[in-house]
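Enquirer: Knowing the structure of chain X, use the given hints to seat chains Y, A and W on it.
In the order they appear, the protein sequences are chains X, Y, A and W. Take our numbering: the final residue in the first sequence is number 431, and no numbers are missing along the way. Take our numbering: the final residue in the second sequence is number 346, and no numbers are missing along the way. Take our numbering: the final residue in the third sequence is number 188, and no numbers are missing along the way. Take our numbering: the final residue in the fourth sequence is number 578, and no numbers are missing along the way.
Keep in mind that the hints were calculated from the coordinates and are not lab data. Watch out, some of these pointers could steer you wrong.
In silico DSSO-like pairs for lysine-lysine, Cα to Cα no more than 30 Å straight-line [unchecked claim]: (1) W:Lys72 <-> Y:Lys243; (2) A:Lys178 <-> X:Lys95; (3) A:Lys15 <-> X:Lys73; (4) X:Lys73 <-> W:Lys116.
So the chains spell out like this:
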Amino acid sequence: MKRFAHTVIAIAVLLNLCAAASAELLFPPPEFESDYVMPTTTTPHPHQDVYEYVDVAVLFIALSLASYLVLKKRSRRATFVLMILSLIYFGFWRKGCVCPIGAIQNVVLSIFDSTYAVPITVSLFFLLPLAFTLFFGRVFCAAVCPLGAIQDLVLLHPVSVPYWLAAGLRALAYLYLALAVLFAATGSGFLICRYDPFVAFFRFSGNVNILIIGVCFLLVGLFIGRPYCRFFCPYGVILRQVSRLSKWRVTITPDECIQCRLCEDACPFGAIRSPAVEWPAVEYAKAKKRLAFLILLLPVLIVLCGWGGSRLKNVTSRMHSTVRLAERIYLEEAGEVEDITDPSTVFRATGETIESLYERASIIRNKFILGGWLLGGFMGLVIGVKLAAVSVWRKRTDYEADRAGCIACGRCFKYCPREQLRLSKTKQEVC
Amino acid sequence: MNRLSAAANVKILVGVLIALATVSAVISVVSLDPFGEQGSGVGRKFIDDITELARIDPNLILYEESSVRISTGFEQSHAIAVDSKGLIYVAGDNAVRVLAPNGDAINRISLSEIVRCVEPGDDGRLYLGTKDRVEVYDDKGQRIARWESHGLNAVLTAIAVSGDDVFVADAGNRIVVRYDLSGKVVNRIGKKDLERNVPGFAVPSAYFDLAVSKDGLLRVVNPGRLRVEAYTLDGDFEFSWGKSSVAVEGFCGCCNPANFALLPGGGFVTSEKGLARVKVYDAEGTFVGVVAGPEQLLEGGTPYIAEVPEQHRVGGFDVAVDPEGRVLVLDRIKSVVRFYTKKKAG
Amino acid sequence: MAESKDIITRRQLLKNGCCGGCLAGLGALGGLLAAKSRPGDTVWQIDPYKCIACGNCETYCVLEESAVKCVQVYELCGYCDYCPGFHEPGATALDTGAENELCPTGAIKRKFVEEPYFDYTIDEPLCIGCAKCVKGCAAFGNGSLFLQVRHDRCLNCNECSIAAACPSGAFKRVPADKPYLLKNVENA
Amino acid sequence: MVDPNNNNSPNARIASPWCRSAVATALIGAIFSIIILTLIVANYVQGRVHEIRIEKRLENLKIEIREDSVDKQALIDEIRLLDLEFRQSRLPRPSFARTGGYLLLAALAVFVLGIKWADTLKKKTQIPKLQQDDTGEQVRQAALARWSVAAALALAGLVVLLLVIIPHVDFSTTDAEDASYPTQQEIRQNWHRFHGPEGAGVTADANIPDNWDGKSGEGILWKAKVPVIGHNSPIVWGDRVFLSGGDPNRLNVFCFDAVSGNLLWTGDVKRTLPKSEEEEFEVMEDTGFAASTMATDGKRIYAIFVTGDLACFDFSGRNLWTKSLGIPDSMYGYASSLETFRNMVIVQYDQGDAESGKSRLFTFDGASGRLVWQAKRPVANSWSSPIVAQTETGIQIITAADPNVMAFDPNTGAEIWRAECLAGDIAPSPIYAKGLAFVVEPYSKILAIRTNGKGDVTKTHIAWSVDEPGPDICTPVTNGEYVFILNSDGLALCFNTVDGKKLWEEDIREDFLPSPSLVGDKLYLLTEKGAMIIAEAMPEYKELKRCELGERCHASPAFANGRIYIRGVENLYCIGKQ
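Isolated chain X (complex conformation) (with noise of 0.2 Å):
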């Protein structure tokens, strides 16, 4: 009955509203004898849009230094204090907001959404970092980015994740890619800036649980080096796919290896494969038999996990306002619920019709039908590659970089004792 009631004061309301809005009247304020006069309110301006250039020239300073510096000038330090330099500048005192992590979100959004126009500078954030990773590997990762930064900065005893978990907990980061960037082309929120765990750190406050996040994510990566970059950062994703085919990146040692594997114990992110010889006859029958199998079964896998995705599309769409909103109407209307939140009250003051809601709230749902085909289809799509992957066999000789893996931090540099002879070499040259 008394949720009759407030239909009913929505249905008059709704007579109301237009006129409401446009009959408003001026009332004009009381004329002072005295000599008071009217004070104006204060209107303080923002104060950034020359500091977004600002912001984009660092970064494209910061991402030439750092090419310059792991590429050419092969230093472990000078890329460290440079790491730093970022952190302080993009994140302490530029908050950590833009980011090329989270300019995903708006890339994708203006893509989807043809009234969402993205700022110019945040769409150089997104773009800058890719073209340096296509040339010079991940040096943006390396010393520019600040979440990356904090995680490096705190590493202390790193302890190797075997291999096989680390190439399942990546899948992690590809789920996160494609979540975010569902719910930035579905217009339901920007998912990677609301869960971004250091963002607190930068600005010395934030919400409770975003800052527990973090900590705990500090925690982790005393241990194990970068767990955010290497098993979240869906940027990261993204750059570790560029990267593969970037024109120049590290090597641990432009000299021949001596295979004396002391590199691999120095990356503390698993980046450095060991060499293989050939496959072992025994194996190799079988290997080859799997291999056919895990590609054929490729495709089965994208569309079953797309289908899978697809079903997900009520849990998804709760992302989106609207949906969210329909719901609750829904409950209410059917008297599941007893008590009426704020979001519904004002909806019910607006006057629109619960269909229409419904009929919004339904297309919006719908559009997460095939945005779940896709998602669960690149789900697959990447679990049968990565199943895939694993299964070949790859002949190498020496100790190298993984093409995808590596960061460019540098830290094997210092480690290979080919490396220390040929800088002692340079060093002695130079005097």
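Expert: Coordinates of chains Y, A and W only, in the frame set by chain X:
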């Protein structure tokens, strides 16, 4: 051996730490409420909750609503008046509707401007107030006269007719203008004048009602002072009644009472905005009882209109009393006229 | 040997092709974004006509002290003696005593102007954006007190946490050159 | 393998004084961090606890102070003190937290740098390990990785399954919409449009009263005044009766309670005003402002007025939408009634002459008022109404106008067939039965058209055509076997539907504006004077009874649920058994 076990211990320690961190991170992620569904979480001291004030003792409610409501047919209704024959005049949008006492439509007068107030004269003439001027119509709906504009600042909110005088409340200029029937200004009432003991009207918003009571005094709401003042027709301040209080017998908020009407016996029916209440006072201004409180006027028990976005808020219901003593409330939210009759004793 | 070299070059070719394709893709994306980009930036602001003064602005801002504060538009103010945004509904006297004040932090200053008018000003450093006064002013008064994002404090997050938690969709992005939505006044 | 004991020698460097100071630095940093962190948390918690206590106390005090008979001054003093305390506790908190944050950061930096420094100093010069053939190990690792990925997949699958299984709120309207329009049976039980279900004028209800008298009130359940005049007929759905009315000042929709006759609500329809004030809209008095009968789909009701204003209300009187179709160019004023199909409303909007190309058939979505489709009609202005006929070859909208009788697909608006066979001012609507659509041309002919044609069927599908005086106003009625024609001057004719053979002709000598209806095998003919003539219909005409109402009637009666609803010029009557 010792060292080995120490290394193993460290490994276990690290493992436990990582597990703990993972668990607490997962809990944090799950318990994060990015949509504000758990409420804002501000302290009690920071919440303005007046639901308690909105509650009215049922014993004080002397009237009950009759089952019939009349739809005004307006998108936005502004004012209501009843003439001595019981005909109902409802102003809204750009028109005035004339309704029979049972709600049957009789006539409709359309204007080019929004009609903000309406008052039927005894001689069958109808006085309509737009934002800044009065227009006079005959009983067939033909315009007879259009009086002079009150200027840019003017916001006319009420008209009262008594004998040969027409009083017009101008909220924008904070003054009452007395006209004769031909539209000539006789005098202006209520300008602050300490020598004549006139306090001046404090009118914070476009609510400023007046009426001429049977005793021949002009009753004007001084909304900023939360009281009803009595003036002689020549503009001398006589006395006032009404006090600021959240209690049911007082006027709460600013600009109240928003509207009032005179009962046949000389009493007052007042209407408040903010905390929507329609109450009855006797001729001396003593509280008698309640016609309807927020729970009756804003159905669904929403006593607090601030909970909806501002552009959807409409408050300050106009009231009128018909010759039978029924209280007519113009519900601006629903655009209906609601009728309240006295509860039968027992 | 020759064969292996051939393989290498083929692989090299493939890689270069991919690299070039990727570069072209990046360029295309850059072009698309450039076409869709807007030169001016936007900032977060509250539409005062949609705001329901729920209190989320106080608690959901990423800043310890919210960037949302109450503003007073004097042109709309009634200069009342009894101000429903300043005084408690059950105020015992119309003065500035703590027992009569609505604002929990005492951020509204009341000053006598002339009979019967009083001037109400927000002491911004004290205001925490809880919107208690906004509710009072909106329900009983003229609505001259309302919340606005103060841009000297706002970090302009990519996604504003308050916007995500706003129940009435009042939080929105506005052009940075018109960063305020003041009622009835030309946007500053 | 390398002997681990060999590491001893580099370890000796631990003794380095730098290393010790590095460790000490880290230690100091760590201790400071913990102290500061504790302070921040403690300050926050203590502050919150303190504030909550004050908040509660203040709340109580403020309630107390409103009571009379207490020492107000003491309370006031206490409140002011507590308030001050609250502000003193609350206000410095953010700045304390910020300062603490900076200090914590500094301390952590010291700690991290100290440890890094110590780590660097402690670092052993590694000795290269011997290379080992770890192919087996690598194969094992690869297999493990495969299983790990597969496990992740399985886990994800499980999670998806769980998420899909848990119940969800399903508000989707697509399925609900399908069920939301009335069934054929519901339509047959009600009287949802002009001339009843399918516009045939036939009621399936056998329980219709046949005895009443307006003067004595016998048989009349209730009588209600209709506030505003209109010539449209009542429509009935469930326990609601709807009518519309209009005059130059207002366009109204009225909802009556079928049981009590109470006017439940009045809907206002915003009228399109003529462009200039002088050019007042003129309409013939015989047509009036509300000649078109409303229609309902069981959830919403639709009304159209002579001004071309189409409005939709729900059953509670909420105006869902209003549309102006433009003031129609119609000789006597627009009068075609509405029809519904599923959840759509159909408007036959014929205007001007056939060459002007202004005539349209519109279909609007009921919930939103969105235009679903519109079809151009090469016809002149007409006053007849469209019908939705369930033909053997599918559902068709059949319309009659000068010169074309046309059928449309209700889903798409595509024209199915047309027959160019009419002339003059067409006001009677077509009716349909058993594969035949019957149309009349005033004063000159009656035709039957087979509805299974496609395209222009003028030459192929006209089953029969007889040159007899067709009515100018009243819509015919048929039971599938016979078709009855009633002229407004009282001449009634009956034809065999199969071949058009005239069975009888009767001059009733009354004037008729309402259309005839069939109740079972009886004809119900309402005269303009308000007498209902109940007559035997087959195979000969035989008047059985006359029931006087005592009020002039322009509108056709409605039959539903054992009652007859008759709209007189001023009142609405409900006739039924007590």
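Enquirer: Take the hints in turn and mark each one as holding or not.
Expert: Going down the list of hints, with the structure as the test:
{"no.": "1", "hint": "W:Lys72 <-> Y:Lys243", "result": "20 Å, holds"}
{"no.": "2", "hint": "A:Lys178 <-> X:Lys95", "result": "24 Å, holds"}
{"no.": "3", "hint": "A:Lys15 <-> X:Lys73", "result": "26 Å, holds"}
{"no.": "4", "hint": "X:Lys73 <-> W:Lys116", "result": "23 Å, holds"}
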